[in-house]
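Residue numbers (the working numbering), protein chains in the order written: chain A, 1 to 416; chain B, 417 to 832; chain C, 833 to 1248.
Please note that a few of the clues may not be correct.
[What the hints assert, rightly or not] Examples of chain A residues toward chain B, derived with CB under 10 Å:
{"hint": "1", "residue": "PHE15"}
{"hint": "2", "residue": "VAL93"}
{"hint": "3", "residue": "CYS259"}
{"hint": "4", "residue": "ASP277"}
{"hint": "5", "residue": "SER298"}
Derived by calculation from the structure, the hints in this document are not laboratory data.
Remember, predicted model here, so these are calculated numbers, not experimental data.
Virtual Cβ for every residue (Gly too), placed ideally from N, Cα, C.
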Amino acid sequence: MEDLLTQTNYALDTFYFLVMGALVMFMAPGFAMLEAGLVRSKNTAEILLKNVALFGIACIMYLVCGYYIMYVGAVEGGVIPDLGFWIGAENTVEDTLASGGDTYYSARSDYFFQVVFVATAMSIVSGAVAERMKLWAFLGFAVVMTGLIYPLQGMWTWGGGWIAEAGYSDFAGSGIVHMCGAAAALAGVLLLGPRKGKYNANGTVNAIPGANLPLATLGMFILWFGWFGFNGGSELKTSNIIEANAVAQVFVNTNIAACGGVVAALLTARMLFGKADLTMALNGALAGLVAITADPLSPIAQYAMLIGAAGGVLVVFSIVTLDKLRIDDPVGAISVHGVVGIWGIVAVVFNNADATIGGQLIGILGIFGWVFGASLIVWTILKFTMGIRVSEEEEYEGVDIAECGLEAYPEFVNAN
Amino acid sequence: MEDLLTQTNYALDTFYFLVMGALVMFMAPGFAMLEAGLVRSKNTAEILLKNVALFGIACIMYLVCGYYIMYVGAVEGGVIPDLGFWIGAENTVEDTLASGGDTYYSARSDYFFQVVFVATAMSIVSGAVAERMKLWAFLGFAVVMTGLIYPLQGMWTWGGGWIAEAGYSDFAGSGIVHMCGAAAALAGVLLLGPRKGKYNANGTVNAIPGANLPLATLGMFILWFGWFGFNGGSELKTSNIIEANAVAQVFVNTNIAACGGVVAALLTARMLFGKADLTMALNGALAGLVAITADPLSPIAQYAMLIGAAGGVLVVFSIVTLDKLRIDDPVGAISVHGVVGIWGIVAVVFNNADATIGGQLIGILGIFGWVFGASLIVWTILKFTMGIRVSEEEEYEGVDIAECGLEAYPEFVNAN
Amino acid sequence: MEDLLTQTNYALDTFYFLVMGALVMFMAPGFAMLEAGLVRSKNTAEILLKNVALFGIACIMYLVCGYYIMYVGAVEGGVIPDLGFWIGAENTVEDTLASGGDTYYSARSDYFFQVVFVATAMSIVSGAVAERMKLWAFLGFAVVMTGLIYPLQGMWTWGGGWIAEAGYSDFAGSGIVHMCGAAAALAGVLLLGPRKGKYNANGTVNAIPGANLPLATLGMFILWFGWFGFNGGSELKTSNIIEANAVAQVFVNTNIAACGGVVAALLTARMLFGKADLTMALNGALAGLVAITADPLSPIAQYAMLIGAAGGVLVVFSIVTLDKLRIDDPVGAISVHGVVGIWGIVAVVFNNADATIGGQLIGILGIFGWVFGASLIVWTILKFTMGIRVSEEEEYEGVDIAECGLEAYPEFVNAN
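Build out the structure end to end from the sequences listed, making use of the hints.
Here it is as structure tokens:
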């Protein structure tokens, strides 16, 4: 009888994990629509293709070696990865029942949940390098990022490696997923340079408006929806009262942090620019979500709202600042996921007594250092082999024709 | 052992509630896309922003005081609200196990589920006042609506107050959510007046077509999908055979009522207008969903289909009639949620022996009277302080530039 | 106590089934957006309406008689259907507990899960006949398809009829749903003929680009997301370790097969056409999904990836070949669901020892023969009564105005 109940709980936890994972997978169209809405129409088909292809590449690379590096071969306190293949064996009934509760969900559901996180990290990159990066160079980077760069820092943290040992606390990945993606993106953007026409010689900045804001809004809402899986699933278990309450708290905090981010970014933009800027409201929501991701469990809802609101304020100033620094990020990905990701990591210490500012800083430096450094090397190799930037003419004409041989909206567009 | 099973059931019911709540949250982009698709392109960014911002405001206000008014401080049979803050404490393991089954899901999951309903009610308003209402006046109204107007009638009904005592029966909120939103919208529309160019002096009506019908269709389908959470979650429990069967019945009836609405509205429009009007089919689906929401549990599927079909017929005639009355509702929200909402409330008595026509009428009058009256006062105050209508020039140019400082589709549009 | 746990498991399995079913229902907007994105703007509103209306019709017809034919009245090994109405009774608590585990989820949840499959099959048809088929003829076909043609072959297979007896193995419906839809589509396309201007007298083919590729990409991703329900729910049970592991395996394989399809189709298109064709990548993902649907449980993930990849290669060649044969399928539905569906059915024998190539061929021939033949008869009757093709002038002007009396994008379009 007790074994039967153990089986039921295993099934419930596995089902919960799979549903949460499916929600995270759904973040893929969230990123795709957000980015497609925020670029110009002439570069839309290519960014869509990048988002579709990177998801395919991410899941394949994580199956082939990434999951092995991050979890299967991970060693407590380890630094150097154990290189190997495939995702290990499924739990047997016997072993599960004999585990005394240590094994409580399907090993396959764990791979499924983890793999959609990898794709999320990689999706962050595509937005920042939009409108000027070569398609195949980007996909080449995706192979290394999802097969090695992401998994290695994942092994250092969630895999129990040296950053975890140093006390770093990151519930669902403000650093491990979001800042990680932003660090890779930043390295690419620095090597790639800004889009033609973005920055003037006299220091002013030209706004390059996105072609389709309903799409961008849809993308933001899909991401919000998917984030319930992203954070909610990261509790990893739900089959008793304590765990169920924890998952509920995570849902509440995730939602209210996004709300705080929306309202704060909207008011900040209103004060700075005099208008209620829709794109800032969208980035505010995402900033709220990124900020709470490092710890959506410990704060009460009121504090979660404030953590999200701080993220919403921060993202507006960060976007303005990056433009002053001539770091051209068409969708604001580096600000949303990187700058606000760091805020989220730091904010853990306010509500979670187990976290220390030292441990958090080690995590930030360790993850950022590795991902930024390794990405810089990979982007540089790509730059000097196949090239990473499209030609000036291709950039002017739009990368859709050059790379994909078709247009996203062949009947609609009047002008470039 | 029994306590362990109680824990599992608590976890299952909480998880069910959270998944259903996430589906309802996803109705936010449903409303956003529906409304963005049905307005003109020059007013699209602003309606998107309204939808994003109202969701943020709704969740914050409901956290701050709305949930308290509606549930925490609610008194059996009460009329006057207990004003207070925050959402109360989470259930402890001890109290839950000692409750003998009375406590069977996380208190946090209850807030999460309820809060997304508030946002739904508020989303209904944005569509009806589209293309001419000032952004900040709208957001100001959202603060009062989600912090007080909605929660008070919610306390009167689901909170156990005087309308509940009078025998009013409304399973998932045909009245408490949908007619409530429509009543607030109607008050706003009456004060606001129709869009310029909608009605001619000679009594004829100009169709103002929506700019993006794929978006509107997507929005409708997202709402349909989210409605499984809206109605399915309103059973509140699923962890035994009777409850599981009930949730399944609710899913079946919700789906088939929408289908009845689609087909009935399509045929009605074909007969009235000679064409298969897509927007009427969309409104027919939503009408079917609104109609069944007051009782998706009691009818067999065949009757649910008929209740939805009647909603689908009704919505077409209602939209035509409102236009004759010069009540300008760009997306048909008052017809879909208000007129059909009333039909749904009344239809409960056909299948649910516990409902009486008297109780249902008390509910309709009580909810409508309060929400319409209170909203009229708030809209009036807003009108005479900050103003609720944009200038004629702003309306002509489109509210996107005036309010948001950007365009939704900067590269696409030929003409206003 | 054991009865209580049985109740919990029943609730879990029913909830799992309902969630999976809701995901499948969400495939409806997936198909709608995919098809709306791949047709020209002048035919967009009509294809949206077809997708909305067919869903309504499918659910109603399946309620009225389809579910009865397929399951309620099905006889082991049967060929001739038992004609009858409605969907039978819900399980009682007593019968369920007395069933010794044979009854383990709500009968209503079974109808709900099955009905969304019917709509999926019908959705496949609308894409293939797009841009030239009369709306009401299409809807007339939908009535027969969802009320009789689909249910009868469903009774022969999942209902336990003669094809099941012959050993045919099709886990989630590569044949029963996807090839079935494609067979009905093919019959319609052959009678309908190609769109004007698609094929030149000299044998060359004109590309007719879709008007809105972000929509098409969104549609693909929604379908991918919904497919977790489609395949994941087809395990039918999840409440113990073995079943939970099985569902997890299905999720993993479904996802990785889609990834294999994306990458393979992208590389194939790159080699054949010299460009990274977005529409081929989208079709590659769907091909991977269709290919794995016949058995997403037996293969290890690596093989699932290869099965999907083979589907991705196949779909590119199939689309090119059908164009050479002048079979005009605007969205590639016959290739994706028909040709790759057959591949998926055959591929079952590689990993599932219970399947035989003979059994699979009987399934292919039985399903295809019946659905293609019956559809051909119905389309022919429609052709000679109400006509199935719009006039040349309507086709030139676009079917939106002719059939729906409105335009999908009234403000955007420059040219036809």
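Going down the list of hints, with the structure as the test:
| no. | hint | verdict |
| --- | --- | --- |
| 1 | PHE15 | holds, 8 Å |
| 2 | VAL93 | violated, 18 Å |
| 3 | CYS259 | holds, 4 Å |
| 4 | ASP277 | holds, 6 Å |
| 5 | SER298 | violated, 13 Å |
Hint compliance for this structure: hints 2, 5 are broken, all remaining hints hold.
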